[in-house]
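**Student:** Listed below, chain by chain, are the residues.
There are 2 protein chains.
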Amino acid sequence: MLEKKISSAVIKRLPRYYRYLSELLDKGIDRISSQELSQQMNVTASQIRQDFNNFGGFGQQGYGYNVQILKNEIGKILGLDRQYQVVILGAGNLGQALANYAGFSKRGFRICGIFDVDPQKIGKTVGALRVSDMSELAGFVRENAVDIAALTLPRAKAPEVAGTLMELGVRAFWNFAATDLDLPETVAVENVHLAESLMRLSYNIANIPHE
Amino acid sequence: MLEKKISSAVIKRLPRYYRYLSELLDKGIDRISSQELSQQMNVTASQIRQDFNNFGGFGQQGYGYNVQILKNEIGKILGLDRQYQVVILGAGNLGQALANYAGFSKRGFRICGIFDVDPQKIGKTVGALRVSDMSELAGFVRENAVDIAALTLPRAKAPEVAGTLMELGVRAFWNFAATDLDLPETVAVENVHLAESLMRLSYNIANIPHE
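Line by line, the protein sequences are chains B and G.
In terms of our numbering, the first sequence has 126 at position 126, counting the first letter as 1, and numbering is strictly consecutive.
In terms of our numbering, the second sequence has 54 at position 54, counting the first letter as 1, and numbering is strictly consecutive.
Hints listed in this document are in silico derivations from the structure and should not be mistaken for laboratory results.
Just so we're clear, the structure is a prediction, and the values are computed from it rather than from any experiment.
Check each hint, because a few of them may be wrong.
Chain copies aren't distinguished; within one or between two, either way the pair holds.
[Claimed, not checked] Below, simulated DSS-like cross-link-like pairs (lysine-lysine); rule was C-alpha separation at most 30 Å, straight line:
{"no.": "1", "residue 1": "Lys-124", "residue 2": "Lys-5"}
{"no.": "2", "residue 1": "Lys-157", "residue 2": "Lys-27"}
{"no.": "3", "residue 1": "Lys-157", "residue 2": "Lys-5"}
{"no.": "4", "residue 1": "Lys-12", "residue 2": "Lys-157"}
{"no.": "5", "residue 1": "Lys-76", "residue 2": "Lys-121"}
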């Protein structure tokens, strides 16, 4: 656990650093300067050095950064040095897309269950999982030490299901429902509001520089 | 087109205002004060007034805001007062989820085509569309005045497909591939990096206040 409070702007950049460092390792690159990283990521080198200084540097004068060490350290800060048990609520296309995405388990996010209320979906196979009846959720969460619930539910259902999961001890929500969950500060929430993302895009279309 | 440059922090909040105002209208509420909106949205009333002042106010002393007018004005700023033709590249679970989401067409985003290279997917029905062969993309884009391309492609394929679409005149990309597209400033890009979102969640799990 870190002593120092890190700004949310820095935190927002860390996953992107992590992704780039992973790509460098995949290409067999094990050492990089802040200048090189800067060019690839389209962030200034001084920004990179400042960001990394928040966590004690990791760099060596004249050598640059060791990609593996840097990736590991950023991974630790992001909490990627442990496993998470994830359940998906809602087995529609989006729930299935999340269940089938191999990249999550690689980073320690293990999808252990997927639930729906629709009899047409219950019992079907999604990736390596069988879609379970929502009525089995409470027992499942108690037995499986679930860390994260991904909510791919209709807007009207999400707050109630989140409340139930919270009572069962779930402390983190990955919310795809088009509503804000009104949950206490002791719960972590990350929203993915797709309709809002699309509106930002249409704003940008209306405001791109002219050629 | 706006004369004044609006900060990206304000722009980021507009889609959320738009969503709340839509919900108010659905509930039959046609008038609201900045105080009431503040309580519901968990933003300070002075923040709301400041944000709306960027666009000339919209409020009336002692009356508050007319929800419909405010929603329309924000909609105009966001470019939601027109129709967009959208194609989806990649007919996997995520592409299908986007194609099936009714909320997009309601806001003027008309999904007019979905493409894939996989013979198992080509010809299948997704929502009201038939999955087309990627080889038909160029002709389709030329005939249909496509505005936006949603990329739900593997990381390795996304930059090439985006480049092709740009040459065909597409000027906006909704990018779900886990890579940054290196496109000129005359193109609008909105990224949805799901793996990065999940990393922010795991960071927050490690850093939530203790009960």
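**Student:** None of the hints should be skipped; say for each whether it holds.
**Tutor:** Verification of the hints:
1. In this homomeric assembly, Lys-124 and Lys-5 never come within 30 Å of each other (Cα to Cα): the closest approach is 45 Å inside a single copy and 51 Å across copies.
2. For the identical chains of this complex, Lys-157 and Lys-27 are inter-copy neighbours only, at 17 Å across copies versus 44 Å inside a copy, given an alpha-carbon limit of 30 Å.
3. For the homomeric pair Lys-157 and Lys-5, neither the shortest alpha-carbon distance inside one copy (35 Å) nor that between copies (38 Å) is at most 30 Å.
4. In the homo-oligomer, the alpha carbons of Lys-12 and Lys-157 lie at most 30 Å apart both inside one protomer (29 Å) and across protomers (25 Å), since each shortest distance falls under that limit.
5. For the homomeric pair Lys-76 and Lys-121, neither the shortest alpha-carbon distance inside one copy (37 Å) nor that between copies (40 Å) is at most 30 Å.
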